Each structure stands twice: as structure tokens, then as C-alpha cells.
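The whole structure should be built from the sequences, with the hints applied where relevant.
Line by line, the protein sequences give chains A and B. Under the working numbering, the residues of the first sequence are numbered 744 to 1291, in order. Under the working numbering, the residues of the second sequence are numbered 88 to 409, in order.
Honestly, the hints are just simulated from the structure, not real lab data. Check the hints yourself; a few may be wrong.
Listed next, with one range per pair, are the computed distances between beta-carbon atoms [as the list claims (entries may be wrong)]:
1) A:Leu-767 / B:Glu-335: 27 to 37 Å
2) A:Arg-771 / B:Gly-124: 39 to 49 Å
3) B:Arg-164 / A:Gln-1178: 38 to 48 Å
4) A:Leu-1026 / B:Glu-133: 55 to 65 Å
5) B:Tyr-123 / A:Ile-1267: 53 to 63 Å
6) B:Thr-360 / A:Asp-1021: 52 to 62 Å
7) B:Thr-300 / A:Arg-1032: 29 to 39 Å
All values reported here derive from a predicted model rather than from experimental measurement. Cβ coordinates follow ideal geometry from the N, Cα and C atoms, glycine included.
Below, each chain spelled out in residue letters.
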Amino acid sequence: MPRLDERARAARPHGDETGRRPALALARRALRDARIRTVSFAFLFAAYAYIQPVGYRRAYPTRADRASFAASFGDNKAIRLFYGEPHNLLSVTGYSAWRVGGTLTIFTAIFGLLAAVRVLRTEEDSGRTELVAAGIVGRRTAYLSAMGAIGVGALILWLAEFAGFVAAGLPAGGSAYLALATASVIPVCAGVGALASQFAPTRRTALELGGAIVAVLFLARVIADTSSGLGWLRWATPLGWAEQMRPFSGSRPLVLLLPVAASALLLAAAALIAARRDVGTGLLSARDRSRPRLALLSSPTAAALRGQRATLIVWAGGVGCFALILGVISNSVSSAGISKSIRREIAKLGSGSITTPSGYLAFIFIFFILAISLLGCAQVGAARHEEAELRLDTLLALPVSRGRWLGGRLVLAAVAAAVISLDAGLLAWLGAASQGVHISLPRMLEAGVNCLPVALLFLGLAALAYAAVPRASAGIAYGLVAVAFLWQLVGSLIGAPRWLVDLTPFANVGLVPVQSFRTGAAAIMLAIAALAALAALWAFRRRDLVGI
Amino acid sequence: MPAPVSVVRSAEMVRVPGEEALVGAVIATTGLTKRYGATLALDSLELSVQGGEVYGYLGPNGSGKTTTIRLLLGLHRPSAGRAQLFGIDSWRDPVRAHRRVAYVPGEPALWPALTAAETLEFLARVRGGTDVAYRQLLVERFQIESSKKIRALSKGNRQKVVLVAALASRADLLILDEPTSGLDPLMEVAFRQSVLEAKGRGQTVFLSSHILTEVEALCDRVGILRAGRLVDSGTLAALRHLGAQVIEVTFAERAPSIEPLSGVTVTTTGPSTLRFEVTGRLEPLLAALAGHSVAALHSREPSLEEIFLHHYDGSDGHAPAR
Chain A
744 MPRLDERARA ARPHGDETGR RPALALARRA LRDARIRTVS FAFLFAAYAY IQPVGYRRAY
804 PTRADRASFA ASFGDNKAIR LFYGEPHNLL SVTGYSAWRV GGTLTIFTAI FGLLAAVRVL
864 RTEEDSGRTE LVAAGIVGRR TAYLSAMGAI GVGALILWLA EFAGFVAAGL PAGGSAYLAL
924 ATASVIPVCA GVGALASQFA PTRRTALELG GAIVAVLFLA RVIADTSSGL GWLRWATPLG
984 WAEQMRPFSG SRPLVLLLPV AASALLLAAA ALIAARRDVG TGLLSARDRS RPRLALLSSP
1044 TAAALRGQRA TLIVWAGGVG CFALILGVIS NSVSSAGISK SIRREIAKLG SGSITTPSGY
1104 LAFIFIFFIL AISLLGCAQV GAARHEEAEL RLDTLLALPV SRGRWLGGRL VLAAVAAAVI
1164 SLDAGLLAWL GAASQGVHIS LPRMLEAGVN CLPVALLFLG LAALAYAAVP RASAGIAYGL
1224 VAVAFLWQLV GSLIGAPRWL VDLTPFANVG LVPVQSFRTG AAAIMLAIAA LAALAALWAF
1284 RRRDLVGI
Chain B
88 MPAPVSVVRS AEMVRVPGEE ALVGAVIATT GLTKRYGATL ALDSLELSVQ GGEVYGYLGP
148 NGSGKTTTIR LLLGLHRPSA GRAQLFGIDS WRDPVRAHRR VAYVPGEPAL WPALTAAETL
208 EFLARVRGGT DVAYRQLLVE RFQIESSKKI RALSKGNRQK VVLVAALASR ADLLILDEPT
268 SGLDPLMEVA FRQSVLEAKG RGQTVFLSSH ILTEVEALCD RVGILRAGRL VDSGTLAALR
328 HLGAQVIEVT FAERAPSIEP LSGVTVTTTG PSTLRFEVTG RLEPLLAALA GHSVAALHSR
388 EPSLEEIFLH HYDGSDGHAP AR
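Quick look at the structure:
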């Protein structure tokens, strides 16, 4: 039997399908492509894992403080919605497991989905997969390299979260386990993304399909955590499994078998389909022919609306659906038996009183402000995509001015943000009213409108980033929103000076419907938004168009 | 809803150049220069294309053809100098310039979810009108599958869609960037026919290409670009006269050795044949040949390919502008 290295040498000239070097090269390429996303998530994870325990210690130093905090939060279904079921709110570790673990699993779910669609469907969509598959690398090797790259990404996030906890003084063993529970969602959701990439023929469809499934998985956890008698639903979703692993409160490491088995199953199924279908297609084949439909083709802006129509409908549907559910849930919030001092403690979380239905809705709408700000970033991202794909060259060679094109896209984004804001207000009202909560429709619509100044501010800033540094604009836009939002959540918790906390736009919105709409702050934000948009139009007129 | 621009005559009978011929240069650049970081992509380009002519813009990959076009269209900003279309600065006032221009990019970038018919309609509406009858003729000539979505079309088929949109617009100036790079020979014929029709109508065509036969067949004047600099330009006839004349001589016996002559390059092409490239006067060569038994003598003008290669053999003193 020849020695291993001899065999390797003999195999090389023919192109060794299982050769490790091309596989490594592909994995490295995939990691490099994902570096900005991975690094920003890692940074977020480390910061959040560090800040939460530190903030908790500072805000609730004594056992009595913690007991009252636990009393008010333990059964608050509205809060459970985001962070899951708390098991021990009297200790730093229990609090961290609940608050950090609960929040970050949402992010790991999104990370897994994005990563898988990026390495599989986006690559295939662009034709690069065809190039790779035509070379010496087998499709299975290419698939495994892509999954390996996601694995390394998951490892990086796990390390980041772990490091954050340890830096905050949590015990190393438990921290590693808690971070593992959070990271366990990544391979499962990557499996969802991989499978969606086999069905969907384009990147966008894959993201929409996978996103819908991840949303359902999240919803299952929400229902399990908020509805009595439906706790078993926790076993049906990877976000629930992360909870069931019970970090820092009677660990159940055997639960880890569930995500392992599920991701193995999903990834194997995806691999099986990938090996059996034609490269460049999806199982759900796109319709390649259609009768001409000439609506929304009269101008670049109309065509942009036509292109974004499906996406915007998904946004409106998703936001509306959540608003409706939150409206229904708001009825189960009550302030009975909670003293004024505890309410002050709750306010330290930066969210005001959340122990009444309207207070709860006011608190929840901060998340809608976040979502609609992200919508603005996504719309600017779509504009950038148009340029990167060189379609903008085609448009701007026609008698279309740059100002008209970019201005049209910004107006489209602003109108979409306004419609979806009102949609959130209306459906939250509908949900609340259906449960007999006394709250007026105009007040809830005002809560919707209250989302707009911040969202438009970030839209303006995203446009400016796009005009000034097109290639880096997505990272800057999403990064600004994420940092501003997290700073509002943790700034006051860690005792930062008031003026520093107030720098984030999120700290400057009135919590409608409990508080009133802050006209002054809104006017300032809108003024900055308008200035940023004008600067964007000016800068965009002065630069070269840049491809990918 | 789309306002069809005056459909005056059917495409077949169009042969009326001149009357509304444009006065002055349709394309004019002065000192047009573009740098991308440390790379000098275009170096002080002086270009002038007159109304009604078909101008061939030649150069290998990476020589700056597409950069020139992006600057002409105001998609990129000149580092120095300026580009004008119809006397309008294309960076400062692109929209006004574009009203009279149609562009076919080398890489057809269209909207994948639209069908070919929807794409043609969209481009026509945004332009503000098109010649619908001529467009229909072109759709048939180029065998466009109207109901197919762009994402299902091959590169060549997408290129045909952009070509039809541009040709049907009847714009005064057509800027074509390697428009036939994805077309099959049949469509290449359709393309040449359409360009000649456009010329017959008095439209100006700026054709960037590296397909020499195409340029030879279509163009009145040619510019040759090398590493961002225009190394030669003029009518094909003028370029030929400036280039070396080729004389192939077959001798009755083995080819003799000819003494070196200034302005004459000798290549042995067979046991009894020699090829002479002569720049300048012919007398010295004829005198040298006089003592030998010449069986046959062919003289011809250099092909465009020979002119082109002449500029790229590195002996003409133009160092690449890097």
C-alpha cells in the first residue's frame, strides 16, 4: 500500500476531488466574504454579554432589589416575549442566561440563515457555483467547505459571547455552556437556510422563504413563553431548545442532541437535493415566461416600487402580524401589586413603565422603531444593489438625472416606512381592542407615526453613507442603527452620564401612547434627516458609479 | 401612454442622409483623462466624431474603451479634461446630452424579473418615446423572445434586447460598447444591417470593438487605443497609407537574400517567397529586385489587423501609459 503523501502526489495532476487544498481555499473565500457580518455580530455578542451582567450588578446591587425585580418580571408575559422564560432572576448568572441568552438566540437564528443563503444561493445566483463546479472541486466538497466556513463563523460568535461573560466576571464553565446554548441555534437555522436555498431559485426568494420559517420558529417560542398550557411548543423550535438547555439553572446538556440532530438532518437533506438537481436552478422553478404587464414601468421610481413590491408586502405583513399579536398580549399585562419603587427600577431598563397595557405597547413600539429603521437601511441597500449590478449604468445613460433616481428611491423608502408605521399602529390597536383594552385608535396611530422621525433619520444617514462610500454603506447603515439601539438599551443600565445616553435617537422619542409625541426632538431628527439626504444627493452627483 | 416618436417612414426605404446632418462634432473630448487610484486608465484623449459618421474605437481588453464611454456618458467623472456630446458637457449636464444618445453596454445589465417586452417598454418610457414600428421590425429581425424573462435569457439574448432598445430609439448618437460580443454570426449580420440603416438615416455611431472585420465593414473612421492613449486615428484609407504596404514576391528559383534597405522589412514566407513591408518609397526595393527572376508580385494594402498589430508590437515608441 503506497504511503499517503505518495498517493496525494499521484492524484494531484488529475485533480483530486477530495483534495483538501481546494476545499480549504473555498472555505477561506467564504469566510472572507462573510467577514464584515461575522465581525459585527461578534462585536455585538461580546459587548452585550459583557454589558448585561455588569449593568444588572450595578442596577440591582442587593438581594432585596433583585427580589423585587424578579417579582415584577417573573410573570410578565410581555417581557417573556423577547427574552423567554426566566428561571432565576436573583443572581447575575440567572439574569444573564435569561436576558442575554434570550436576546442573542434571535441574532444567532438570523446569522445562521443569512450565512447559509450567502454561501449557497447567492453564490449560485451569481454563477460562481457553476465556475467552481466546472473545476476540479466536486459539488459535495464545495458544499462541505461552505458549511465549514459557517462553522468557523459560529465558533467565532461563541468565543465572542463567552469572552464577554468571562470579562464580566461570570464563571468560565457556565459561560461556555450558556454561549454554546446560544450558538446551537446557528447550525439549525443554517440548515433552514441551506434547505431554502435548494428550493428557491434566487437569493431573494431564498431569504424570504428562510426568513418566513425562522419567523415561525421565533413565533413558536413566543407563544410557548407567553401562553399557559402551550409550553411544550418550546420543544418544537431551536430557539426553545436553547432555553431548555437551562444554562445556569440546572443545566440539561442532553438537550443539545436536538440541535445536533436537527442540523445534521437539515444539512444532509440540503446536500442530497443539491447533488441531484441542476446547478443554477431551484426545486421551485421560477416562471420564465409571462404576458407583458405594463403597470409601474413609467419611471425609474415606479419600476423600483415594482421591484420592491413583494419585499414591502412581506414587511408590512410581518410587522402587522407582530403588532396584532403584541396588541392581543398587551391585555395580559397588569400592574397589580407592583409598587412605585419597583416601577422605577423597571424604568432603569430604559423602557419606562411597562406594567399597563398601554405602557407595554409604548415599550414594544421601540422595537417597531428599530424594525422600520432597518427597513430604511434595506431600501438603501436595494438601491446600492441596483448600482453594483450595473443596472444603474443602463438607467443613467437614459435621460434620467442622478438626483431624480436617488431622490425617487428615498421618497419610496420614506413612504414605505410611513405606511408600515401606520400599519403597526393600526394592527396593535386592533389586537388590543379585540381583548377589550381601552386605548384609542388615534393614540395608537400616533405611536406608529412616532416611529418615523428616527426611521427617517437613519434613512437619511444610510443614504449619505451610500453616496459617500458605496461599497461600505450597508455595514455603516446597519451598524449605526444597531449601535444606537443597543446604546439606548444598555446606556442607562450601566450608569452612563445622561447626555451620553441621550446621543442615541432612540433615547429621544416619547413613549407614545403613555407619553406624548416629542415634537421638538422629532423636528430636530427630521431636520438632520433632510440635511443628510440633501448631502447624499449632492455627493452622489459628484462620484463615479461603482460596480460590485 | 408611451408617446411614440414620429414614425415617419418604414425602415426599409430610409436612405436620406444629410439634410438634418448635425453641424459640428457630435463627440468631442479635450485632454480627457481618468485615473483610478494609481492607475491611469485614460490619458489626455483628444477625440472628435462628426455627425453621420460611423466611428470605430479599437483596442484590446483593458485599453480604456469602456472607461472612455463611461466618461462620455457622464457615469464616471473625468480626472482632467472634458467630454462633450453635441456640445454639451456630459459630466455637468448628462440628462440634456442623453436625450439624443442611446447606449448599449458591453455587459447587458437589465432587470431579471421583467420580460423582454416589459424591458423594451420600460426603457422606451423612461427615454420618453421610441419608434414603435421600427422596434417591432427589430424584434423580429433579432428574433427576440418577448415573453421570456431577462433572467432566463443568455448573455447574447440579453444583449439583443438592449440593442433593439437602442436602435429603436432612433437617437442621434448610438454609443455601442462591444455590442456583438455575445452574438452568433446570424445576429452579427442583423447587427451590421441595422448599423448601416442607422448610418443611412444620418445617425452617428460610436462603435467600440476588438472585432476588426466588423470595424472594417462598418466604420468610416477608426481610432486605435493603447494603454489609455489614442495611438492612431483617421479614415481606414489614410491609416492604410500611413501603414506599411505589403508586397509579396515569388521567385523563379530559391528566394535570394536581399540587402537591408531602410524602410523595408523582409520576412521569408516560403522557400521561394519573400514578404516585404514597405513604409515610404518603393523605388529602392524595386531596384533591389531588378537583378532577380521574379515569377509573381502581389501588392496589397495592409489589413486593419496588420495596422492594429503594428501598433501593438511595441516597436512604435509608444510606451504603455502605466
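Now for the hints, and whether the structure bears them out:
1. A:Leu-767 / B:Glu-335: 27 to 37 Å: violated (57 Å)
2. A:Arg-771 / B:Gly-124: 39 to 49 Å: violated (26 Å)
3. B:Arg-164 / A:Gln-1178: 38 to 48 Å: violated (59 Å)
4. A:Leu-1026 / B:Glu-133: 55 to 65 Å: holds (57 Å)
5. B:Tyr-123 / A:Ile-1267: 53 to 63 Å: Once the Cβ atoms are compared, 40 Å apart, the range 53 to 63 Å for Ile-1267 of chain A and Tyr-123 of chain B is violated.
6. B:Thr-360 / A:Asp-1021: 52 to 62 Å: At roughly 54 Å between Cβ atoms, Asp-1021 of chain A and Thr-360 of chain B fall inside 52 to 62 Å, so the hint holds.
7. B:Thr-300 / A:Arg-1032: 29 to 39 Å: Cβ of Thr-300 of chain B to Cβ of Arg-1032 of chain A: about 36 Å, so the range 29 to 39 Å holds.
Checked against the numbered hints given earlier, the structure breaks hints 1, 2, 3 and 5 and satisfies all the rest.
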